[in-house]
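Here the protein sequences come in this chain order: C and X. Heads up, the first sequence is in numbering that gives the first Met the number 0, so the first residue is 0 and it goes up one at a time. Heads up, the second sequence is in numbering that gives the first Met the number 0, so the first residue is 0 and it goes up one at a time.
No lab work stands behind these hints, which were simulated from the structure alone. Hints are not guaranteed to be accurate.
What the hints assert, rightly or not - In the EDC-like style, the derived pairs of lysine to aspartate or glutamate whose C-alpha atoms are separated by at most 20 Å in a straight line are:
id, chain 1, residue 1, chain 2, residue 2
1, C, 119, X, 60
2, C, 344, X, 15
3, C, 403, C, 350
To be verified - Non-contacting residues of chain C with respect to chain X, defined by C-beta distances greater than 10 Å in every case (computed):
id, residue
4, 18
5, 39
6, 85
7, 125
8, 158
9, 252
10, 399
11, 430
Glycine is no exception: its CB is placed at the ideal position from the N, C-alpha and C atoms.
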Amino acid sequence: MTDVLTPVLTAHWDEPDSFTLAAYRRHGGYQALAKAVTMPPEDIVTAVKESGLRGRGGAGFPTGMKWGFLPKGEDKPHYLVVNADESEPGTCKDIPLMLATPHLLVEGAIITSYAIKAPKAFIYVRGEVLHVVRRVQQAVAEAYEAGYIGKDILGSGYDLDLVVHTGAGAYICGEETALLDSLEGFRGQPRLKPPFPAVAGLYACPTVINNVESIASVPSIVANGAAWFAGMGTEKSKGFGIFSLSGHVTTPGQYEAPLGVTLRTLLDLAGGVRAGHRLKFWTPGGSSTPIFTDEHLDVPLDFESVGAAGSMLGTRALQIFDETTCVVRAVLRWTEFYEHESCGKCTPCREGTFWMVRVLGRLEQGEGTEEDLEKLLDICDNILGRAFCALGDGAVSPVTSSIKYFRDEYLEHQKRGGCPFDPAAATAWATGSGR
Amino acid sequence: MPFSDEARSRLDPDADEIIGRYPRARSALLPLLHLVQAEQGHVCDDGIAYCAQRLGLTESEVAAVVSFYTMFKRHPVGEYHVGVCTNTLCAIMGGDQILAGLREHLGVGDDEPTADGKVSLEHVECNAACDFAPVVMVNWEFFDNMTPDSARELVDGLRSGAGITLPRGPQRLCTWREASRILAGFPDGQAAEGPQAGQPTLAGLRVAREHGWAAPAAPAPAGTAPAPAGTASGEGGQ
């Protein structure tokens, strides 16, 4: 029986020098790389496939399979691009990982580059996290100096160049093809797929794009074996992941557990909803995943179970809201975010998010009608599945799910001619907040 | 007006280094824009012309990129640029009250600097520190678990030059232009300063330690002792 929490990525975060090469080596750091470069690259791809690791950036696509899609026998260079543009609302796991243990990411990036035969790799880190950028820059510099990056890595004959590239403030660049356009020096707008990046990615060359946490999981798989990793989690959602609790919870933070843990268990470990309050709604994986309520406390947080319950596991960003929170205000704010971050390329998303903000604003002010709810659902229907990329789909999630669970609360705004909630009661410093 | 020869002689070697990182020159555009922002404090027409000239692009091609990214400013901002997260979670936890309080206190609009040029203010979207909500950023450094009062004290300190303690950053808060230079890929040597993690970052690890929970032990390679769990390759552990 696996333990309730399984710190692997987070196992050494409490050591004050955890971000240094010395600390990382103290716990066997770069020994997975030393092992990897003695293996045929194909064997590493096979091991990651067999481990069952699925993308930790939200979509959950099998990582090893993604690597396996790279065409063989072409003369174009391959590239690895690490998506470190963490910006899905509620998601806050990659940033602390890079702050505390950037070498875990760097070692994973080197092993992955070797496995996919890439001579060059990029870490695209969002720009708005200066100290994280410093730590990643330093880790890469230390790895170069130690001979883990550069020419003839550990005597293997393999050469790799690793570049840290900072973004400049655009949520959409977390979408993998928008990230590629941004990395090529353009506005970050998504590309039509197919062709997928594995065939035509960066500079139209075969490219693997993986999330930070996915890449950081690779060294442990190489070191301990696919079976070790697959021994955790559920049948189809294997391994461990970082669950991020935030909001109205007694002890918010990062909890690393096997996939399939429930919010009830995690909330227990985190001291529950803040004192004197009760759970109202929550997101299982960021704002783009339909909200859940207290009915869903026992849904196993794995890809299949969360999907079957009507949402998505996403990035395991568990944003907890108690009964002081106005769901209409929450949804309006998320929708304003999607309107602001819509890249403008496709009409359903650009126009749809604009109009949803207008209608939701009216509803929040108590000036809406019941017909407005139908209008919102109709707009959602015209965005979902019709937008160019997943941003549009994400934008409808909070709207449709909140109307499903809290239709009466929308109508209450109309009845009262305004919001029935006191925003002061929801703050972290509200009396009796337990914080 | 193009950059002076003096400015160009300072920028050119850095720009060469940036362009040299990439297989194709245009990939250097975002870091080059961070670099000209470090030079000028914002991206003005000269900076756009410089990037265009260095990369063989038209000025309109560069301007189209600048306008897409919120971190590039076309007008001067403060020496300390303050961003208050008002995405849903931070807003509900008090970010809205913090932003409203700072707007009133400073008397400035979005991206507008105070008359002394010290501080500017904007609302920012989720900055991936939700377990520290409400969050305020200054020159893209984290200020965690803020309140309207602590935010007001922070901006007053920024304006008066009082010492600012960064909860998860280096000992000294760098200026907006210094921050832009780091983002262009030129580290300032302060990476080792500051803590490795904040308290919420360690919440789960603490619980695991209290209960003695760990990942399963790695299978022992032939001829060696079984390794403790929770390490990348089976050495060490707690």
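- Non-interface claim for residue 158 (chain C): all C-beta distances to chain X beyond 10 Å? Per Cβ check, residue 158 (chain C) is outside 10 Å of chain X; nearest 14 Å; holds.
- Assertion that residue 18 (chain C) lies farther than 10 Å from chain X (Cβ): With a cut-off of 10 Å, residue 18 (chain C) comes too close to chain X, as the shortest Cβ separation is near 5 Å.
- Message: Check the hint pairing residue 344 (chain C) with residue 15 (chain X) against an upper bound of 20 Å on the C-alpha distance.
- Response: 33 Å, violated
- Task: Taking the shortest Cβ-to-Cβ distance between residue 125 (chain C) and chain X, state whether it exceeds 10 Å.
- Result: Since the minimum Cβ distance to chain X is about 8 Å, residue 125 (chain C) lies within 10 Å and the statement is violated.
- Item | Separation of residue 85 (chain C) from chain X, once the least beta-carbon distance is taken, above 10 Å | 5 Å, violated
- Hint consistency between residue 119 (chain C) and residue 60 (chain X) [alpha-carbon to alpha-carbon, up to 20 Å]: 27 Å, violated
- Pairwise hint evaluation, residue 350 (chain C) against residue 403 (chain C), where the allowed Cα distance is 20 Å at most: 23 Å, violated
- Message: Please verify that the nearest CB of chain X lies beyond 10 Å from residue 39 (chain C)'s CB.
- Response: 19 Å, holds
- Minimum Cβ-Cβ distance from residue 430 (chain C) to chain X exceeds 10 Å: Per Cβ check, residue 430 (chain C) is outside 10 Å of chain X; nearest 13 Å; holds.
- Task: Test the statement that residue 399 (chain C) is away from the interface with chain X: the closest C-beta pair must be farther apart than 10 Å.
- Result: About 16 Å separates residue 399 (chain C) from the closest Cβ of chain X, which puts it past 10 Å; holds.
- Query: Does the claim that residue 252 (chain C) lies off the interface hold, with its Cβ farther than 10 Å from every Cβ of chain X?
  - Reply: 3 Å, violated
This entry does not satisfy hints 1, 2, 3, 4, 6, 7, 9, going by the numbered hints stated previously.
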